[in-house]
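Now for the letters of each chain:
Protein chains: 2
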Amino acid sequence: MQNFEYCTPTRLIFGQGVIARLPEELGRIGKKVLLTYGGGSIKKIGLYQKVLELLQGFEITELPGIQPNPRYDPSVLDGVRLCKEHGIEVILSVGGGSVLDCSKAIAAGACYEGDPWDLISYKVKASKALPIVDILTLAATGCEYDCGGVISRTETNDKIGYIDPLLFPVCSFLDPTYTFTVPPTQTAAGIADAMNHSLEQYFCEDATLMNDGFCEAGLKSLMVNGKACLKNPEDYTARAEMMFVCTLACNNIMSLGNSASGWPMHGIEHALSGYYDITHGEGLAIITPRWMQHILSERTLPRFVKYGVNVFGINPALPEMEIAQRAIAATHAFFEEIGIPMHLREVGIGPERIGEMAHHIAVNEGLEHAYVPLTEKDITQILLASM
Amino acid sequence: MQNFEYCTPTRLIFGQGVIARLPEELGRIGKKVLLTYGGGSIKKIGLYQKVLELLQGFEITELPGIQPNPRYDPSVLDGVRLCKEHGIEVILSVGGGSVLDCSKAIAAGACYEGDPWDLISYKVKASKALPIVDILTLAATGCEYDCGGVISRTETNDKIGYIDPLLFPVCSFLDPTYTFTVPPTQTAAGIADAMNHSLEQYFCEDATLMNDGFCEAGLKSLMVNGKACLKNPEDYTARAEMMFVCTLACNNIMSLGNSASGWPMHGIEHALSGYYDITHGEGLAIITPRWMQHILSERTLPRFVKYGVNVFGINPALPEMEIAQRAIAATHAFFEEIGIPMHLREVGIGPERIGEMAHHIAVNEGLEHAYVPLTEKDITQILLASM
Chain A
2 MQNFEYCTPT RLIFGQGVIA RLPEELGRIG KKVLLTYGGG SIKKIGLYQK
52 VLELLQGFEI TELPGIQPNP RYDPSVLDGV RLCKEHGIEV ILSVGGGSVL
102 DCSKAIAAGA CYEGDPWDLI SYKVKASKAL PIVDILTLAA TGCEYDCGGV
152 ISRTETNDKI GYIDPLLFPV CSFLDPTYTF TVPPTQTAAG IADAMNHSLE
202 QYFCEDATLM NDGFCEAGLK SLMVNGKACL KNPEDYTARA EMMFVCTLAC
252 NNIMSLGNSA SGWPMHGIEH ALSGYYDITH GEGLAIITPR WMQHILSERT
302 LPRFVKYGVN VFGINPALPE MEIAQRAIAA THAFFEEIGI PMHLREVGIG
352 PERIGEMAHH IAVNEGLEHA YVPLTEKDIT QILLASM
Chain B
2 MQNFEYCTPT RLIFGQGVIA RLPEELGRIG KKVLLTYGGG SIKKIGLYQK
52 VLELLQGFEI TELPGIQPNP RYDPSVLDGV RLCKEHGIEV ILSVGGGSVL
102 DCSKAIAAGA CYEGDPWDLI SYKVKASKAL PIVDILTLAA TGCEYDCGGV
152 ISRTETNDKI GYIDPLLFPV CSFLDPTYTF TVPPTQTAAG IADAMNHSLE
202 QYFCEDATLM NDGFCEAGLK SLMVNGKACL KNPEDYTARA EMMFVCTLAC
252 NNIMSLGNSA SGWPMHGIEH ALSGYYDITH GEGLAIITPR WMQHILSERT
302 LPRFVKYGVN VFGINPALPE MEIAQRAIAA THAFFEEIGI PMHLREVGIG
352 PERIGEMAHH IAVNEGLEHA YVPLTEKDIT QILLASM
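Protein chains in written order, with our numbering: chain A, 2 to 388; chain B, 2 to 388.
Hints listed in this document are in silico derivations from the structure and should not be mistaken for laboratory results.
Glycine included, C-beta positions come from ideal geometry on N, C-alpha and C.
Accuracy of the hints is not assured; some may be wrong.
[Claimed, not checked] With a cut-off of at most 30 Å between alpha-carbon atoms, the simulated BS3-like pairs for lysine-lysine come out as follows:
no.	chain 1	residue 1	chain 2	residue 2
1	A	K228	A	K44
2	A	K126	A	K32
3	B	K33	A	K129
4	A	K44	A	K33
5	A	K85	A	K33
6	B	K129	A	K32
7	B	K228	A	K221
8	B	K126	A	K32
9	B	K129	A	K33
10	A	K307	B	K232
11	B	K228	A	K307
[Said to hold, decoys possible] Per the computed footprint, the stretches of chain A lying under chain B, defined by three or more beta-carbons under 8 Å from a beta-carbon of chain B, are:
no.	region
12	294 to 304
13	375 to 383
Work out the full structure, taking the sequences as your base and the hints as a guide.
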């Protein structure tokens with residue numbers, strides 16, 4: 002077992018109706034609030050109105066229009082400027098992972114005198130960040146319980162995972178009913194995203210029994226409850242468990258004490274959505290079975306066997322290589338079953354820039370240190386197999 | 002799924018050699034330290050000397066001699082007095098769960114003007130507590146990652162679980178090598194304690210797939226790694242994983258979102274060790290299979306089936322009642338196999354005070370609200386079956 006340090010100080014406030022506690026929790030932190038949100042779905046479900054009603058007496062500045070794959074320019078820069086202009090004391094992020102990711106970068110940038118890109122690109126370590134509270138409306142990324150956010154800078158095709166312990170939300174309000182109206186494509190992308198987080202932690206050299214049981218439970222729960230959410234979008238129990246598992250899947254608690262995988266599928270996907278602005282969860286789903294096929298070897302076989310038997314219930318008496326192949330096929334089939342387009346060409350990515358992307362990934366993502374090290378050639382092969 | 006709130010702000014610093022960071026972590030909090038410990042085993046393994054060496058320049062006051070089932074009088078009272086006399090800024094608990102439990106009560110009592118029993122007995126809610134740092138030398142109770150402690154007051158046979166979010170340790174140093182010298186009886190009691198924590202969370206009405214997977218992984222890991230620790234007390238990987246699972250088993254993360262069991266076996270055991278000062282983990286192990294047998298019914302059968310199949314690998318094709326009975330027998334057999342005396346009479350408890358204890362439990366432990374409600378008569382039957 003590897004040495005580790007772990008601390009997640011975020012308070013999870015989970016369940017139907019918990020938003021009633023927002024004024025109390027927010028009021029402890031500050032009265033001058035930057036309210037961040039996305040394209041307006043929070044207005045359609047009445048959440049925006051509810052928040053304003055609850056926050057009478059607070060001084061609210063709004064930053065709307067944060068997009069999926071949130072942008073450094075304009076969103077982060079606008080947010081930082083608003084915080085400085087209005088003396089913001091706390092950021093309230095209402096929406097999904099993109100809004101919260103963007104809010105985290107704003108929180109750090111608002112307490113820094115220079116160009117916020119210095120922080121995001123790790124040129125400078127933040128010494129302070131504004132406190133963040135979030136109300137989650139999408140079960141997927143788990144950023145409500147971690148200290149990272151992914152920021153895109155389109156002019157350079159950069160998509161950087163910006164991580165700093167200063168960025169843990171103070172508290173996350175998780176009401177599953179806010180996810181009832183999430184459309185099937187986004188629900189499916191969320192399932193794939195969180196499953197991939199579990200898989201990135203599962204495929205490593207030295208997982209403990211606890212690590213494995215935790216990841217396997219997450220994967221099984223996401224498949225069962227994810228399908229139930231797609232079948233009946235207002236199935237409270239299924240939406241709730243999906244939301245809860247997503248929350249636990251990205252803060253490393255599933256892989257404490259092992260040497261970790263290096264998150265190779267995320268390394269590859271960040272280039273896809275950095276270059277083509279595709280949905281992160283869909284990109285991950287497409288990459289997943291091709292990456293699995295690419296890294297399957299005598300060395301990795303035992304992992305695949307455990308995965309196949311424990312997650313998909315494949316007969317352990319079969320030959321090991323057959324269990325592994327069935328497990329990879331079952332992974333692919335599940336993503337297809339929940340409606341994810343499983344080829345890059347279906348999400349608008351042709352072969353033209355594969356070489357360029359593979360080079361970008363090889364240079365920037367450190368995948369030579371992954372569980373199975375990946376060279377530029379490996380990455381090219383995985384991308385071509387995903388076409 | 003039930004609404005819940007969850008926050009565990011403790012920083013876990015885990016692995017061989019992590020104690021080197023003690024001065025840095027403690028120094029951030031304060032220089033006036035109350036060093037609490039037990040019967041001297043930390044001197045035998047050189048940890049006491051190492052701590053003093055690392056903490057040169059700190060002002061250290063010692064509270065030695067904290068016993069298993071830590072006492073209100075003298076330990077808590079002495080600790081509170083020392084804190085007040087010496088202006089203590091931080092408590093450093095070095096030892097197992099008893100030392101840390103006692104330190105938590107001291108931390109609250111030191112910031113309260115009245116009788117500390119007011120706090121422990123929930124007559125008064127603490128408004129403040131001293132910060133606590135711990136170095137753990139025993140894998141068992143999980144109190145290094147929760148905010149509770151159990152305090153005994155012998156003159157009244159009271160054993161109270163004192164819980165307050167103010168009592169989370171700031172950070173817990175978990176070096177598995179400090180558990181190498183834990184004798185087999187205490188190692189076994191630790192295994193049983195943490196297994197029971199998982200079982201108390203597993204047997205409930207509405208567990209999610211995630212809850213179940215988490216508890217099952219904990220149970221399986223404790224059985225495999227626990228046996229490995231007994232076989233080779235210096236098996237680092239086994240000691241490490243056992244320590245890690247124990248840490249996760251008592252802070253409710255395994256049962257978030259379900260309506261919980263009411264921890265009935267703990268309710269019963271607290272009277273046993275309150276009246277007879279037996280080892281908590283042994284008491285729990287003795288009670289466990291008898292409680293299981295007592296609550297087995299058509300209603301609870303599906304839980305037992307899931308437990309038997311997923312934890313012990315019992316053939317799911319067998320009749321359900323047979324699976325349940327085999328699961329209970331396997332639980333009993335495991336505790337016997339690791340050397341736990343499985344009858345109350347073997348730990349010095351005769352039938353004389355069973356009625357008195359059952360009455361005390363029925364009045365004080367709220368077991369009428371447990372997963373399967375227990376009356377005084379039920380409790381008597383479970384205790385008699387445990388003789």
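### Message
Just to make sure I understand the rule, a stretch counts as covered if three or more of its residues have a C-beta closer than 8 Å to a C-beta of the chain. Does the region 375 to 383 of chain A meet that for chain B?
### Response
With 0 residues close enough to chain B, the hint is violated.
### Message
Need the status of pair A/K126, A/K32: alpha-carbon distance at most 30 Å?
### Response
holds, 27 Å
### Query
Within a Cα-Cα threshold of 30 Å, do A/K228 and A/K44 meet the stated pairing?
holds, 27 Å
### Query
Counting residues of the region 294 to 304 of chain A with a beta carbon closer than 8 Å to any beta carbon of chain B, are there 3 or more?
Check failed, 0 qualifying residues.
### Task
Take a quick look at whether A/K44 and A/K33 sit within 30 Å of each other, Cα to Cα.
Holds, at roughly 21 Å.
### Task
Verify the proposed pairing of B/K129 with A/K33, using a straight-line Cα cut of 30 Å.
Satisfied, since the Cα-Cα distance of roughly 28 Å is no more than 30 Å.
### Message
Against the 30 Å threshold, does the CA-CA distance of B/K228 and A/K221 hold or violate the hint?
### Response
Within the cut-off at roughly 28 Å; holds.
### Query
Regarding the pair B/K126 and A/K32, is the alpha-carbon distance no greater than 30 Å?
Status holds; Cα separation ~28 Å.
### Query
Is it true that the CA of B/K129 sits at most 30 Å from the CA of A/K32?
holds, 25 Å
### Query
Is A/K85 within 30 Å of A/K33, Cα to Cα?
holds, 11 Å
### Query
Under the criterion that the straight-line Cα-Cα distance not exceed 30 Å, is the pair B/K228, A/K307 satisfied?
holds, 22 Å
### Task
For the pair we were handed, B/K33 and A/K129, check the Cα-Cα distance against 30 Å.
holds, 28 Å
Of the numbered hints stated above, those contradicted by the structure are hints 12 and 13, listed in ascending order.
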